[in-house]
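> Protein chains in written order, with the numbering used here: chain H, 1358 to 1656; chain B, 1358 to 1656.
If you are wondering where the hints come from, they were derived from the structure by calculation, not from laboratory data. Remember, it's a predicted structure, so these values are computed and weren't measured experimentally. Glycine included, C-beta positions come from ideal geometry on N, C-alpha and C. Hints are not guaranteed to be accurate.
[Stated by the list, open to error] Restraint-style ranges between C-beta atoms, simulated for each label pair:
#: 1; chain 1: H; residue 1: 1447; chain 2: B; residue 2: 1637; range: 35 to 45 Å
#: 2; chain 1: H; residue 1: 1376; chain 2: B; residue 2: 1420; range: 51 to 61 Å
#: 3; chain 1: B; residue 1: 1460; chain 2: H; residue 2: 1609; range: 54 to 64 Å
#: 4; chain 1: H; residue 1: 1637; chain 2: B; residue 2: 1421; range: 49 to 59 Å
#: 5; chain 1: H; residue 1: 1649; chain 2: B; residue 2: 1536; range: 22 to 32 Å
#: 6; chain 1: H; residue 1: 1471; chain 2: B; residue 2: 1652; range: 35 to 45 Å
Number of protein chains: 2
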Amino acid sequence: MSILVLGTVALDTVKTPCGTRSRILGGSAVHFSMSARLFTTVNLVAIVGKDFPQKHIDFLRQKGLILSSLIRSPGKTFQWSGEYAGDLNSALTLSTELGVLLAFRPSVSHAQRRIKNIFLANIDPDLQKHLLGHMHSPQLVALDSMNYWINNKRASLLSLLKKVNIFVANDQEARQLSGETNLVRAAKSLLRFGPQMVLVKKGEHGVLFCGDEFICSLPGYPVEKVVDPTGAGDTFAGGFMGHLARTGKINSSVLKKALAYGTVAASYNIEGFGLKRTALFTRRDLERRLAEFRKSVVF
Amino acid sequence: MSILVLGTVALDTVKTPCGTRSRILGGSAVHFSMSARLFTTVNLVAIVGKDFPQKHIDFLRQKGLILSSLIRSPGKTFQWSGEYAGDLNSALTLSTELGVLLAFRPSVSHAQRRIKNIFLANIDPDLQKHLLGHMHSPQLVALDSMNYWINNKRASLLSLLKKVNIFVANDQEARQLSGETNLVRAAKSLLRFGPQMVLVKKGEHGVLFCGDEFICSLPGYPVEKVVDPTGAGDTFAGGFMGHLARTGKINSSVLKKALAYGTVAASYNIEGFGLKRTALFTRRDLERRLAEFRKSVVF
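Generate the whole structure from the sequences, applying the supplied hints.
This is how it looks when you write it as structure tokens:
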């Protein structure tokens, strides 16, 4: 079954110990799509400005994404600029220019409203809510957010959490929103906000998953040369949701495999700037690394 | 095959968000022994002072440890006092009183010199070297250390690393000694100092293992209520070495299972102050949690 993703399409400027890249294609919806496309058809709901290069549109189309709900609007494309240092586990945001995002009202076609699998990637929770209100009968809704919305739109976020199945957060966000320092307790306590499942991303340390009756952890896939972690969490979510959407059912064994797909998808993402690695990787690459990962984890 | 462990026996004073305990039994060799004893006979090489309570000696003997090389000397037992806050991932040392450790020269009986499996728990590297020099034909030697020795006895530590098979370090120590921020590269670079295997402990985030041809990661066992992490790393090492010593051979499958035993052993340790949980846990408890852990990790 296909997936609909709402999120940002961005022009990123990134500085890491490996170098600097200016105005490269990025954004939560784009990174998500790069891995989800390996599993199923991905419908992109996002906005770009008049300055958005046509070559990026061509690229996204060529990767098989459905772009009928990608709005091209007067104004400037969302831009994010950030820097990573040390262990590259967290970004320092240098600047954010919202541009066309300020006037964004996501809209989807009648056909797209029937899509069952929805990923609400990081964007203003009011936009996430708006879109979700238009969907006819969503079956599996996952939500990602960020510290900015936890601080500034907490009420919106909390009311949205009641309506989603899966909440995706990084470790800082999980601690911040729950008020718990222990991550297992943080994840469990987030379940009380509404979602049936909580997925805590821990960067190089992997992931903690918590459902009503099922807790599981996976380590990160060991990557020796981290070039640029931007979008790793969304690439993770794309592999995770992609497997769930394709499988069409949820149980502990499907969930663990989805987490493993997310893990290896993210490991490719961080090996290059922007989409350098994930623009080119194939399902076969993913399966090969999944097999290696399984071999190293299974005891 | 039995194990010989050199390390500290201590009286610990610990403050965590769960409470405070004064002068409870601890030390690197003791925590190691609590889990290693579930696999094989453990010979303890350590020193205590005249103030060391007889009940602790009785306890260690009752747990099956061989105490013939535990010296009781005039002076005070080694004391450590520390505090944990926040996510309990690192201790703030409040005070250290070396006491009898200052004049410690470890010595072992002729029979003990033939023991093949040796764990050099955290203690002055000169003492570790001294003991290792007395062993007849060690087959599997693992070494643990700490930031203090990396800073203050770096040359001793480096010459010792040439003589051991396994170097056990936490993530900070691995980064500090190697000068690499990426943990995979840090571990690989530590291999160049001599050992064939490097084991990086990451607290709640699990463990990274790196051999010449084999890298593997395991997540931590999810623990909801961390009471006191003191000794978790040594308890890990005890489970890990215990399985290797009992199995008597090393390959990737034995190593992964040893890492899993270490992980679940450490998960018990942190659930109570000092030895509260590990004094009582059995091989059966360990196997039960290992089965749960396997179920949650294997995809």
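> Return holds or violated for the Cβ distance of residue 1376 of chain H and residue 1420 of chain B against the range 51 to 61 Å.
Roughly 55 Å apart at Cβ, these two residues keep to the hinted range, so it holds.
> For the range 49 to 59 Å, tell me whether the beta carbons of residue 1637 of chain H and residue 1421 of chain B fit it or not.
For residue 1421 of chain B against residue 1637 of chain H, whose Cβ atoms are near 58 Å apart, the range 49 to 59 Å holds.
> Could you see if the CB distance from residue 1471 of chain H to residue 1652 of chain B stays within 35 to 45 Å?
With a Cβ separation near 37 Å, residue 1471 of chain H and residue 1652 of chain B satisfy 35 to 45 Å, so the hint holds.
> Could you say whether the range 54 to 64 Å given as a hint is met by the Cβ separation of residue 1460 of chain B and residue 1609 of chain H?
holds, 56 Å
> Within 35 to 45 Å or not, the Cβ separation of residue 1447 of chain H and residue 1637 of chain B?
holds, 40 Å
> Mind checking the hinted window 22 to 32 Å against the Cβ distance between residue 1649 of chain H and residue 1536 of chain B?
Holds, since residue 1649 of chain H and residue 1536 of chain B (Cβ atoms, about 28 Å apart) stay within the stated range.
The structure agrees with every numbered hint stated previously.
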